[in-house]
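Undergrad: Chain by chain, the residues run as shown.
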Amino acid sequence: MVKVGIAAYGMTPFTKDDDKIETILHKSTNDLFQKNPKIDKKEIDAVLISTNNNSKYLSPILSEMSGIQPKIAHSIESLCNSGTNSIVSAFSYIASGLADMVLVSGAERYDSPGQILEWDNSRGEFKHPIFWASIFSKSYKQKYDISDEELAVVSVKNHKQASKNPNALSKKTYTVEDVMNSKKLTDDLKLLDCSRPCTGSASILLASEEVMKKYTDSPIWITGIGQKTTSAGFTKNTSLSSMESTKIAGQTALNMANHNISKIDVAEVHDAFSVCEPMILESLGFTDPGNGMDMIKNLHQTNNFKINPRGGLIGCGHPLGATGISQTIEIIEQLQNNAKSRQTDNPKTGLIHNMSAAATSSTVLVLEK
Amino acid sequence: MNFEKELEQGRFYIPECSACKKLVWPPSEFCDICNEETSLKKEDFEGKIIEFSRQNEEYFCVVEFCDSIRIMAKMMTKPKKDQIVKISNCGISEGSYYFHII
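In order, the protein sequences belong to chains A and B.
So the first sequence is residues 1 to 369, counted in the working numbering.
So the second sequence is residues 370 to 471, counted in the working numbering.
None of these hints come from the bench; they were simulated from the model.
Treat the hints with care, as some may be off.
Unchecked claim - Cut-off 20 angstroms, straight-line C-alpha distance, at most; resulting in silico cross-link-like pairs (DMTMM-like, lysine to aspartate or glutamate):
hint	chain 1	residue 1	chain 2	residue 2
1	A	K236	B	D451
2	B	K374	A	E125
3	A	K184	B	E427
4	A	K183	B	D451
It should be emphasised that the depicted structure is a prediction, and the values quoted were computed from it without experimental measurement.
Build out the structure end to end from the sequences listed, making use of the hints.
TA: So this is what it looks like as structure tokens:
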């Protein structure tokens, strides 16, 4: 199989701006080309768009606006893990030999229609994500005797880390008391436990090993990919305190990379809500079931940015189609030692975890220098 | 099988495969195991509360029927885990199902 790496990337800040989807896609793509002027656009074989936006024909539109005439051009939608799913598709095009270089651009507006899965009528009138998050929180807290104050540390840690990230939506830091005193959405969820929808875009350029040599001296390789979809509906989750799709996707990605979880130096995980972070860390095997909060508290107290260095979804905001790509860019910057005040201690192997709709679907990537 | 037609009339019936008798959820014309057509199992189902939380004065619960089918439903009194409940009101409003339990 052809070795696939990441040759370049570009980003926009995450904001509440009322920009057109076409405009924000173009901004992050333009940022990528401005930072990498040697890239020959004629060599780009495919342009893949990750978004939940209802606008049509976005890949040909972005291609025209960017001066690209690709062989392959289409969009990919899978709610919140559209971004990493697009990266997996790009990887597959290159690994199969159908393409040598693929641009993946993800974007979302603050008013994305992807925030609520209208199809999932098993949720009755409780379709908004705060309801599944509340059920997960209640179940997790009861099973492992975790308090609301303990869970609030996730938000405190991730807002602190986001404050070092110039592209993050949140610029503020918060205390546990601030989280506890933020607006009560349900008995088990406060406003500051939640990631927020926003406007933003992120783009990366994947390339085969042969093409990579032309463009970068510090390539980052995708060495592991795992994906699992257990259902579409929230109520089909067999466990309400762990994530089955994440367990399977994580193990598949680590097996492909020929690593175990102890080799992962830095990770971006899908903290859509506070409770998601300990559940994900446990489901990926970073720690035993029920011990996720101990790990998070320790990382926070020691100012260790190993998990969600860019600030996670809670700190950065969550522009659905851009999130997985933005997570991937953070791990690239970490592995290239370019993450400035967020930099972890010389990481060699990183992991991205991106999921959809109450963890009914998960994608995990392993990246290496 | 017309689950939604019955639901609109306030009746909660569960689709069942005509061939293998598996209960099919979410409601579908076809069995997800053997692909045969489904028909509605017309019973007065009892469910069990698996988990719940509260928004304002309303409780929202994950309720399991027949050891396999789970929905989210509203309850106005404080639920208990494992409590046995019945659907008191259900229907479709603006395209979304709703289920109330007692």
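Undergrad: Confirm or reject each hint.
TA: Structure-based check of all given hints:
1. This hinted pair checks out: A:K236 and B:D451 have alpha carbons roughly 18 angstroms apart, not beyond 20 angstroms.
2. This hinted pair checks out: B:K374 and A:E125 have alpha carbons roughly 18 angstroms apart, not beyond 20 angstroms.
3. The hinted pair formed by A:K184 and B:E427 meets the criterion: a straight-line CA distance of about 14 angstroms does not exceed 20 angstroms.
4. For the given pair, A:K183 sits about 30 angstroms from B:D451 by alpha-carbon distance, which is inconsistent with the 20 angstroms threshold.
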